[in-house]
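Asks: Just so you know, the sequences run in chain order A and B.
Using the working numbering, read the first sequence as starting at 11 and increasing by one per residue.
Using the working numbering, read the second sequence as starting at 11 and increasing by one per residue.
Rather than coming from a laboratory, the hints here were simulated on the basis of the structure.
All C-beta atoms in this analysis are idealised placements derived from N, C-alpha and C, irrespective of residue type, glycine included.
No false leads were slipped in.
Below, a sample of chain A positions facing chain B; criterion: calculated Cβ distance under 7 Å: (1) N192; (2) R195; (3) Y227; (4) E234; (5) F309.
There are 2 protein chains.
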Amino acid sequence: MSLLVVGSIALDSVQTPFGSTADALGGSAVFFAMSGALLHPVQVVGVVGDDYPMDRLERMAKRGVDLAGVSRAQGESFRWKGKYSYDLQNRETLETRLGVFADFAPRIPPQFRDARYVFLGNIDPELQLSVLDQVDEPTLVACDTMNYWIQGKRDVLMELLRRVDVLLVNDAEARQLSGDWNIFRAARWILQHGPRFVVVKQGEYGAVLVSGDGIFYVPAFPLEQVFDPTGAGDAFAGGFMGHLAATDDTTSASLRRAMVYGSAMGSFAVEQFSVLRFDELTPDEVRLRVHAFADLVRFDLLPVGEGA
Amino acid sequence: MSLLVVGSIALDSVQTPFGSTADALGGSAVFFAMSGALLHPVQVVGVVGDDYPMDRLERMAKRGVDLAGVSRAQGESFRWKGKYSYDLQNRETLETRLGVFADFAPRIPPQFRDARYVFLGNIDPELQLSVLDQVDEPTLVACDTMNYWIQGKRDVLMELLRRVDVLLVNDAEARQLSGDWNIFRAARWILQHGPRFVVVKQGEYGAVLVSGDGIFYVPAFPLEQVFDPTGAGDAFAGGFMGHLAATDDTTSASLRRAMVYGSAMGSFAVEQFSVLRFDELTPDEVRLRVHAFADLVRFDLLPVGEGA
Numbered sequence: 011m012s013l014l015v016v017g018s019i020a021l022d023s024v025q026t027p028f029g030s031t032a033d034a035l036g037g038s039a040v041f042f043a044m045s046g047a048l049l050h051p052v053q054v055v056g057v058v059g060d061d062y063p064m065d066r067l068e069r070m071a072k073r074g075v076d077l078a079g080v081s082r083a084q085g086e087s088f089r090w091k092g093k094y095s096y097d098l099q100n101r102e103t104l105e106t107r108l109g110v111f112a113d114f115a116p117r118i119p120p121q122f123r124d125a126r127y128v129f130l131g132n133i134d135p136e137l138q139l140s141v142l143d144q145v146d147e148p149t150l151v152a153c154d155t156m157n158y159w160i161q162g163k164r165d166v167l168m169e170l171l172r173r174v175d176v177l178l179v180n181d182a183e184a185r186q187l188s189g190d191w192n193i194f195r196a197a198r199w200i201l202q203h204g205p206r207f208v209v210v211k212q213g214e215y216g217a218v219l220v221s222g223d224g225i226f227y228v229p230a231f232p233l234e235q236v237f238d239p240t241g242a243g244d245a246f247a248g249g250f251m252g253h254l255a256a257t258d259d260t261t262s263a264s265l266r267r268a269m270v271y272g273s274a275m276g277s278f279a280v281e282q283f284s285v286l287r288f289d290e291l292t293p294d295e296v297r298l299r300v301h302a303f304a305d306l307v308r309f310d311l312l313p314v315g316e317g318a
Numbered sequence: 011m012s013l014l015v016v017g018s019i020a021l022d023s024v025q026t027p028f029g030s031t032a033d034a035l036g037g038s039a040v041f042f043a044m045s046g047a048l049l050h051p052v053q054v055v056g057v058v059g060d061d062y063p064m065d066r067l068e069r070m071a072k073r074g075v076d077l078a079g080v081s082r083a084q085g086e087s088f089r090w091k092g093k094y095s096y097d098l099q100n101r102e103t104l105e106t107r108l109g110v111f112a113d114f115a116p117r118i119p120p121q122f123r124d125a126r127y128v129f130l131g132n133i134d135p136e137l138q139l140s141v142l143d144q145v146d147e148p149t150l151v152a153c154d155t156m157n158y159w160i161q162g163k164r165d166v167l168m169e170l171l172r173r174v175d176v177l178l179v180n181d182a183e184a185r186q187l188s189g190d191w192n193i194f195r196a197a198r199w200i201l202q203h204g205p206r207f208v209v210v211k212q213g214e215y216g217a218v219l220v221s222g223d224g225i226f227y228v229p230a231f232p233l234e235q236v237f238d239p240t241g242a243g244d245a246f247a248g249g250f251m252g253h254l255a256a257t258d259d260t261t262s263a264s265l266r267r268a269m270v271y272g273s274a275m276g277s278f279a280v281e282q283f284s285v286l287r288f289d290e291l292t293p294d295e296v297r298l299r300v301h302a303f304a305d306l307v308r309f310d311l312l313p314v315g316e317g318a
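Only chain A is shown next, with the shape it has when bound in the complex (with noise of 0.2 Å):
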């Protein structure tokens, strides 16, 4: 049931009001490896730079992440520096430097190409559909995409939608796709192009599975104190899919499920910088946070006839 990720390897230098890094492990692959490899092992496919921290990277590897699959180029690593507001709210991109990353070309390993679930982290979709051509038959794919895929390369995003089980995407992004403001008329316009699963992520309010079988929501997990944003809808891809990997079930109540996952380890994430709070994380803090968002959604109606 193997769980492959193609995406970013990328260096972070986040500065928040709690305190800034310069350089840590950042990314897509990374954030979702890092989250997923907590349920189930991962396979990552990427490109880093030469001057790429690779014994970093490789602390990936004790934590269940299969590293086959990431080609090291001549030339400086992806670097993303950013700025969040005092709230956390907003965030302003200081600098994009894509070195390397600029001609990625994913090529998966052949021990790759019989994973059965695949996570198309958010780069241009003529290199997610390539990846889709190199796979033999995976059970279920979900992908990420953005404003500027959204815009700059539409008829490529919607030939890959037609091609994916799940698209993940913001509200933002659901609504410029469908060009509907409304999130659920948006999510079912989706729906019309391809995918069977639209997951609306929603920040700190938390997420939306919309599908024929209807509307599931979780909500994020309440936290007091929130350090660095970066990744979480990354992290939550890798619980939502790290989830469906390991119990390969594809169900309605699986993928409910796999959101819960998700939403937790999204809230993970955000608890420290970088991928820091997954280096340490276990299986049974993991099991206990996905627990405790029962108990956030529980009530029970009283039988008809008692009270209104």
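Given chain A, put chain B in place with the hints provided.
Replies: Using the frame of chain A, we list chain B on its own:
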């Protein structure tokens, strides 16, 4: 188990992308009463001018609203005129004419003074306090407020908080009141200043109940058509308090159920202009929607040992 509301009775002129209405029934007491009365009879205290369309007010009586506390004063009724943005996310107040509401001094009729459940709509906290001085021994008092009072009458508002059981505010108000942008820390701050329960309303994202017993999250009901968001918060309060009064149960389990009734009634409010949606709403429709919330958040975790 009488349920009392004190608040504004207004004539609203609202422009949305879908149409506009002029001098329609509005105000916190009206939205609260029309919503709450679906669950339990509501007693209203408020003031209208001599231009208020009394026939329309009296239609409320047919729905279980006791208008004995509504006084008619010489002068103009409270009028509010507002305009929503294309996506209903923002609204602009075009005009506010307080009219007779400027001199409103709530007088609770003798037959209302034994009210067990009291909702203090968003009016001057001095008036909210004066209401509490006129009621005998309510089981549960809830109140709303707004930025204007938080800034301008903070001391009185803090005195009020010490005497209420539930504060219902939106997230911006919770932040302003506590001085903390984190919603859960803000709620904890509020709990330290009087109320036993804080309800943070988050509009299209739902609402959160915070108390010493934990945190409960209810989503907003997913709607593909939102017509007019005006009054959603007061309709939420009507459903919330209506359920508590109908069951005369203020346990945590009941408060959680009340949140679901609140969210359901808020979702009805936005489906039409003014309180029109409540005119024909049946208890069966309410029950159906409330039960739909259970499916919206339902998930079953796997027994330990099966999967992740």
